[in-house]
Amino acid sequence: MAETQLLVPNVSPPARADQPELVGELTTLNLGPTHPATHGVFQNILQMDGEKIVSTEQTIGYIHRAFEKIAERRPYYQITTLTDRMNYCSSPINNLGWHLTMEKFLQVEVPKRAQYIRVIMMELARISDHLICNGILGVDTGAFTGFLYLFEKREEIYEIYEEVCGARLTTNMGRLGGMERDLSPVAIQKLRDFIKSFPPVMREFELLFNRNRIFMDRVIDVGGISAERALNYGFTGPNLRAAGVDYDLRVMNPYSSYEDFDFIIPVGQSGDTYDRFMVRNAEIWESLKIIEQALENLPIGPYYADAPEYYLPPKEDVYTSMEALIYHFKIVMGEIDAPIGEIYNAVEGGNGELGFYMISDGGRTPYRLHFRRPCFIYYQAFPEMVKDHTLSDAIVIMSSMNVIAGELDS
Amino acid sequence: MLTNQEVAEELLREFGEEVYGFEEPFGMLTLTTTREQIIPMLKFLFDHKKFKANFLTDLTGVHYPDTPGLEYAVVYHLHSLIHNFRLRIKVFLAEGDERIPTATSVYESANWMERETYDFFGIQFEGHPNLIRILNIEEMDYFPMRRQYPLEDTTREDKTDALFGR
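Protein sequence lines, in the order shown, are assigned to chains R and G. Per this note's numbering, residue 1 is the first one in the first sequence, and the count goes up by one each step. Per this note's numbering, residue 1001 is the first one in the second sequence, and the count goes up by one each step.
These are calculated hints, taken from the structure and not from any lab test. A few of these clues could be false.
Said to hold, decoys possible - Pulled from the structure, derived: some chain R residues nowhere near chain G, Cβ distances all over 12 angstroms:
(1) Asp49
(2) Val54
(3) Glu57
(4) Gly166
(5) Arg168
(6) Arg213
(7) Val245
(8) Ile300
(9) Glu316
(10) Ser321
(11) Asp409
To be verified - Chain G stretches covered by chain R per the calculated footprint, using a threshold of three residues with CB under 8 angstroms from any CB of chain R:
(12) 1008-1017
(13) 1035-1043
(14) 1049-1057
(15) 1081-1090
Unchecked claim - With a straight-line cut-off of 20 angstroms between C-alpha atoms, the simulated EDC-like cross-links for lysine to aspartate or glutamate are:
(16) Lys289(R) / Asp361(R)
(17) Lys69(R) / Glu1138(G)
(18) Lys69(R) / Glu1152(G)
(19) Lys1043(G) / Glu228(R)
(20) Lys1090(G) / Asp361(R)
(21) Lys1052(G) / Glu228(R)
(22) Lys1052(G) / Glu1006(G)
(23) Lys387(R) / Glu159(R)
As the structure is a prediction and not an experimental result, all values here were calculated from the model. Just so you know, even glycine gets a beta-carbon here, dropped at the ideal spot from N, CA and C.
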């Protein structure tokens, strides 16, 4: 073998004294408010030591719209449109959660059929919420394909919404006392098509991700949180279940006939990004199971309660019957007074416990309405979860927490 | 399964006259306590061998301008996940003296909820690590959820209640 001779560098390194002195300086990095990976407007100011995150300061409130203040001036039925705009990835859950709260408060008994239709819509919303979260998590790790597959199916869910309530994103679905209209044959057909065509796509998505070496390396042991810390931080929903706590309101305090359905609550172990992803995937399958059961056993009967004081009468009656005309006028003008009292009612939203705390002083509007937004509460844990991780880990952690800016800021 | 009666009796035994105003709206145990006792009470319920009310569901404020001496309420919703038992604790504060100790020593989740309550009602949570506005801009010089700030322009005449027969 020929002897190799190293070339003598023709530039000698600068003398020690000329070199800049190395100092342990932290870098400040703005993640947001308009960073593509935040998927919403909120800011994280990261202090980085090289690749490592040392501390995080969060700024939120960029899209605060004062819903709680507005709600104090609005008749009860007009508050539904405010709830749409909180978690806009699963508006029907917000809408129906609000109706369920008011129905409990006014003691309106909703017929079985309406309850089942609501379950179907809420579970569709949960599927679409989880599809977005998991699809985007893929995108944030660099895998675009799964996201595109899923979004085709999400579009079908939105078409079902459109068939049921006429809107896609801000759905304003349901009315106090039931649904605004019955499930049309077209809607039922679309639901059946969805139940049939969705599983292959979902299975393909899972094949792409669940045991994918690259994906697993990227998300396992990233942003783990213990069950104890998660509870202390007020986690609920899939993020809490990923940490190993089987708390689900649909089982613990069944509402809207959830007790009729057979489904399981998937639970993770380590509360890391992979567990959050897997819990959401498993929940999608469970939701699909619930929709199937509800559609199969859809009871026959009215789709709204016999509560003329709160539920708008059919339009034909308004033109022909005096009583219907009076109720119509009173409801539309918001002249229905609620009794005095206070109530806290919660439903299992896409992100966790979505609570409504309402105080009525007997007027036409709430005296005080407070929304317990799951995102707002658990997003506080973000600095602790990303500490000592790299920036790219912070992105997937944020993505897997499913922080929705509308819900964060109310 | 915990009953409201059981929890109420235990709290009465521990806190005596400092806990009062028991109610049960829609089955949820509701009680009132004082500013001095709220943190010991949260800790007591948190550490209690049986109740284990270790989850702070919600913390918010209410403004009642028409009740002198009790203008502000801070409302805590606690949840014992093991027993699936919820309770609501209220603390009333007087105008001009709206101070209350922070619950962040018991619950991390209280941090932002207290900031939000401060932001909207101006309630001072003493000992809070970072009590600054959270949803509104920092330059704001009033607390918007107080009842004296009406949502709509009060000088408008086309929206008076008389026109709507109220």
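Against the structure, the hints come out as follows:
| no. | hint | result |
| --- | --- | --- |
| 1 | Asp49 | 22 angstroms, holds |
| 2 | Val54 | 17 angstroms, holds |
| 3 | Glu57 | 9 angstroms, violated |
| 4 | Gly166 | 28 angstroms, holds |
| 5 | Arg168 | 28 angstroms, holds |
| 6 | Arg213 | 35 angstroms, holds |
| 7 | Val245 | 7 angstroms, violated |
| 8 | Ile300 | 31 angstroms, holds |
| 9 | Glu316 | 26 angstroms, holds |
| 10 | Ser321 | 22 angstroms, holds |
| 11 | Asp409 | 6 angstroms, violated |
| 12 | 1008-1017 | violated (count 0) |
| 13 | 1035-1043 | violated (count 0) |
| 14 | 1049-1057 | holds (count 4) |
| 15 | 1081-1090 | holds (count 4) |
| 16 | Lys289(R) / Asp361(R) | 42 angstroms, violated |
| 17 | Lys69(R) / Glu1138(G) | 18 angstroms, holds |
| 18 | Lys69(R) / Glu1152(G) | 10 angstroms, holds |
| 19 | Lys1043(G) / Glu228(R) | 16 angstroms, holds |
| 20 | Lys1090(G) / Asp361(R) | 17 angstroms, holds |
| 21 | Lys1052(G) / Glu228(R) | 13 angstroms, holds |
| 22 | Lys1052(G) / Glu1006(G) | 14 angstroms, holds |
| 23 | Lys387(R) / Glu159(R) | 41 angstroms, violated |
Going through the hint list in order, the structure does not satisfy hints 3, 7, 11, 12, 13, 16, 23.
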